[in-house]
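*Asks:* Given the sequences, and given the hints that come with them, work out the whole structure.
Sequences listed follow chains A and B, in order. Position 163 of the first sequence, counting from 1, maps to 162 under numbering that gives the first Met the number 0, and the rest follow consecutively. Position 197 of the second sequence, counting from 1, maps to 196 under numbering that gives the first Met the number 0, and the rest follow consecutively.
Quick caveat, the hints were computed from the structure, so don't treat them as lab data. Heads up, some of the hints might be wrong.
Given that identical chains are not distinguished, each listed pair holds provided it fits within a single copy or across any two copies.
Below, computed lysine to aspartate or glutamate pairings styled on EDC-like, alpha-carbon distance capped at 16 Å [as the list claims (entries may be wrong)]: (1) K6 / D27; (2) K275 / D264; (3) K19 / E61; (4) K275 / D207; (5) K170 / E196; (6) K118 / E150.
Please read these numbers as outputs of a predicted model, since none were measured by experiment.
Protein chains: 2
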Amino acid sequence: MNNITEKLLAAVSDWTGSFKGAFNIREDGGCAGRRSTEHIKIEPKTGEPGLDIRILPGTRGESVSIPACVTHGNVDDLVYNDFFVGEGADVTIVAGCGVHTEDGEPARHNGIHRFFLGKNSHVVYLEKHLGTGSGSGLRSIDPVTEVTLAEGAVLEMDTSQIGGVDRTTRKMSASLGPRARLIIHERLLTEADQTAETDFVVTLDGEDSGVDLISRSVARGRSKQHYRSVIYGNARCTGHSECDAIIADDGQVSAAPELTANHPDAALIHEAAIGKIAGEQILKLRTLGLTEQQAEEKIVAGFLK
Amino acid sequence: MNNITEKLLAAVSDWTGSFKGAFNIREDGGCAGRRSTEHIKIEPKTGEPGLDIRILPGTRGESVSIPACVTHGNVDDLVYNDFFVGEGADVTIVAGCGVHTEDGEPARHNGIHRFFLGKNSHVVYLEKHLGTGSGSGLRSIDPVTEVTLAEGAVLEMDTSQIGGVDRTTRKMSASLGPRARLIIHERLLTEADQTAETDFVVTLDGEDSGVDLISRSVARGRSKQHYRSVIYGNARCTGHSECDAIIADDGQVSAAPELTANHPDAALIHEAAIGKIAGEQILKLRTLGLTEQQAEEKIVAGFLK
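*Replies:* Written out as structure tokens, the structure reads:
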């Protein structure tokens, strides 16, 4: 494992020289370390790059880390990871990703993740994305996530893009069974000429299923963000989507949230707000001795926390 | 003027046997009455069906009524009306539309309206849409509205579809100059197998321009509604869009509001909520002696008022 990977791992997956529990470290398309445990089996796929991660029914309090790093230019990494979470399991999945280039060549990671959550299982999914290096090559991370939640399953996704990613296209689709719940918190910061596209499609098929999508983003420099979400309510269900964006400099943000109620007992709500930081917030922090720039940094950090 | 037109006029344009001010009554594609006034000139277009309505600069407190009625099946009425509102004018435009068929043949009105509001002018635009008659022919009203607001111009649009329209496709686009304001209140009721599509595109180009879109709708029976709005903020501006829908029976509603901030001083907000009438609201009215159906009628009427 090279030392760029070590730095990226520390930033995106709380690596401290080792992982607790099961793990697989992907480095430039290869495997730089793997461990299965008694209850969590990680096996390479045959026929395509990627892993099958099987979490046995009833597994509780364990975690699996599957970070992926691209450490130099001219890498276009594509991986298919499938997660099979057994009935009643309660686990944490850590899936950070870092891309690094020091030359003019692009570095890209494209992870296609499928989650199959068994009955009454509960997963906390943590994902941090980071781009580093001084090269002019494009750093891009393009995740595709497909989620299938069985009856009573709960998936909490916490995703953040913490800087340096020039381009990201994120697609997520989920279908929810009876009493299943999906909670997504996404935080996104774009700067300079970066672009970010987010595309969520959530289908509430199960009786009493529910989704809560919360997106917070900041667009600085000349960066551009486009957020799109669609929630289909096909049964008695609840859907909530919230999209708050701060624009600064010449940043541009577009939010297109769609709600479709195909059932009389579907209750769907959406809110969106796009704007710059309120002048009075800046003023208040400046009276406490901060410069305008420090005040803005403080507010943005709080907003994305 | 036939007596179906008289009934439709009373319902959609508050006609009481006569109109105050300037008017043009369109009946089955023809003209059933017209009056210009000193300050409001109505003239037929040459080369295409429709009118040029010129409101002289400074005209205040006057109104112009331009209702259109289709009174039998097998009519597909298409009309182009252009409104030129002079600088500083302050007027009311009443533009109701009724379609009636008593046989299996369709009755359709398709009005293409363009509004050019001069500097600091103010227009209140009232529009009611109604379908009547016992025939099985499709009743449809498909308005296309293009709005251009000069500096400081204000357009308040109040539109409602009060029943009986089997199909409606409504397209509205607006571009706003400096300090211009556009306020839209739309109310929509669909029943049985009716369908309604609404498509708003508002471009806030002028400094300190603002838009407020408020849509309230009820979908009953097996009716389907699709609401789409796009607000572009290209300058220091404010945009607000609000979409509330009640679904009953097997009604379906889809809301897709989009906000695009292309300027750091654009402040855009959206809210949407789709759901059925809360059980406790029904219960409260039932304890006052209403049946469930009466309670629902009462709530729907209040919601669309």
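*Asks:* For every hint, state whether the structure bears it out.
*Replies:* Here is how each hint holds up against the structure:
Taking identical chains as interchangeable, the C-alpha atoms of K6 and D27 lie at most 16 Å apart only when both belong to the same chain, with a minimum of 14 Å there against 76 Å between chains. Proximity of K275 and D264 under a CA criterion of 16 Å is satisfied inter-copy only: 6 Å between copies versus 37 Å inside one chain copy. In the homo-oligomer, the alpha carbons of K19 and E61 lie at most 16 Å apart inside one protomer (9 Å), although the nearest pairing across protomers, at 78 Å, exceeds that limit. Proximity of K275 and D207 under a CA criterion of 16 Å is satisfied inter-copy only: 15 Å between copies versus 37 Å inside one chain copy.
In this assembly of identical chains, K170 and E196 lie within 16 Å of each other by CA distance solely inside one copy; the values are 8 Å within and 27 Å between copies. Taking CA atoms no more than 16 Å apart as the test, K118 paired with E150 passes inside one copy only; the shortest distance there is 5 Å, against 60 Å between copies.
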